[in-house]
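*Asks:* The hints should help you fit chain B onto chain A, whose structure is shown.
For reference, the chains in residue letters:
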Amino acid sequence: MTEPTRAFATLRVAGDELAPDDVTKVLKIVPTTAYAKGEHYAAGPRSPDLVGRTGVWFFSTKGVVAGNQLADHLAFLARLLLPGSGEVGPLPHLQALVRRRSLRVSVSCFWHGPATARKPSIPRSVSDLLKLIPAEIETDFDVDERPKRHAA
Amino acid sequence: MGEASRPVARIRQITRQSRLCVSRIIWDRSGSPTRFVSDVLRIARWQLRAALHLIKHRSNLGGQDRVVVYDDGRVTDANGDDIGNILDEVTDD
Chain A
1 MTEPTRAFAT LRVAGDELAP DDVTKVLKIV PTTAYAKGEH YAAGPRSPDL VGRTGVWFFS
61 TKGVVAGNQL ADHLAFLARL LLPGSGEVGP LPHLQALVRR RSLRVSVSCF WHGPATARKP
121 SIPRSVSDLL KLIPAEIETD FDVDERPKRH AA
Chain B
1 MGEASRPVAR IRQITRQSRL CVSRIIWDRS GSPTRFVSDV LRIARWQLRA ALHLIKHRSN
61 LGGQDRVVVY DDGRVTDANG DDIGNILDEV TDD
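Chains as they are written, first to last, in our numbering: chain A, 1 to 152; chain B, 1 to 93.
This is chain A alone, in the form it adopts within the complex:
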């Protein structure tokens, strides 16, 4: 049976001087995970107590945005930065915070499709927006391995 396509995107702000609450206040969304440098955090019931080597504010659209169109997940992240309601939005505040605290911002895109599927592309509007922060974009695209044919 062919598995359907799966996709989500993540936004990460990281740095030794990161105070996670600052990013939460700017973006007005609760992170999936956030910890300051040296802070203990839990990754799950099977994981041991972890300690942040650097500060991380991490948000994943997995389980937040419905559907598996990567463009929808990226559009959600873009709307966090530029709500499009005529107001300035969080973008300039995030830019200032990133400069002031020497933070690094990155967006990762996850996509997994059937063996014959065509890999998606990043919409130009999203990559242009992320350049303004500035944020790195990392893609993690792959397809199912084709079933091996056996000789009769």
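Just so you know, these hints were derived from the structure itself, not from any lab.
Each residue gets a CB set at the ideal place from its N, CA and C atoms; glycine is no exception.
Misleading hints may appear alongside valid ones.
Non-contacting residues of chain B with respect to chain A, defined by C-beta distances greater than 12 Å in every case (computed) [unchecked claim]:
#1 Arg6
#2 Val22
#3 Ile25
#4 Val40
#5 Leu87
Not everything, but these chain B residues come out facing chain A in the computed CB check (under 8 Å) [as the list claims (entries may be wrong)]:
#6 His53
#7 His57
#8 Asn85
With the Cβ distance kept under 10 Å, some of the chain B side facing chain A (calculated, not the full set) [as the list claims (entries may be wrong)]:
#9 Ile26
#10 Asp28
#11 Arg42
#12 Trp46
#13 Gln47
#14 Ala50
*Replies:* Below, chain B alone, put in the same frame as chain A:
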């Protein structure tokens, strides 16, 4: 069983238990794990890839950073420090 043989039996029992606790490395590279890894963990390959993606990025690592995955789902970075467990991240959707 005589008194003399009890310590031997106890050592055998401890050895057997400790063998059960030792996990085996099933992935020790960067990039996208193979189907062998997801088969050992009894999950679909997309679930493995999605879980590893979340663990790496939450830990301030990138896709090309090397990680080690054990057959109990434990994931460590290249320095051997725990960064999560695949089985904590697996979902059906």
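*Asks:* All hints are to be evaluated individually against the structure, with a verdict given for each.
*Replies:* Hint by hint, here is what the structure shows:
1. Arg6: Holds, because the least Cβ-Cβ distance between B/Arg6 and chain A comes to about 34 Å, which exceeds 12 Å.
2. Val22: holds (16 Å)
3. Ile25: The claim stands: B/Ile25 keeps its Cβ more than 12 Å from every Cβ of chain A (closest is about 17 Å).
4. Val40: holds (15 Å)
5. Leu87: violated (6 Å)
6. His53: Because about 5 Å separates B/His53 from the closest Cβ in chain A, which is inside the 8 Å limit, the hint holds.
7. His57: Since chain A brings a Cβ to about 5 Å from B/His57, closer than 8 Å, the hint holds.
8. Asn85: holds (4 Å)
9. Ile26: violated (16 Å)
10. Asp28: violated (19 Å)
11. Arg42: Interface hint status for B/Arg42: violated (14 Å vs cutoff 10 Å).
12. Trp46: With Cβ-Cβ at 4 Å, under 10 Å, it holds.
13. Gln47: Constraint on B/Gln47 satisfied, holds at 9 Å.
14. Ala50: With a closest approach of 6 Å, the B/Ala50 hint holds.
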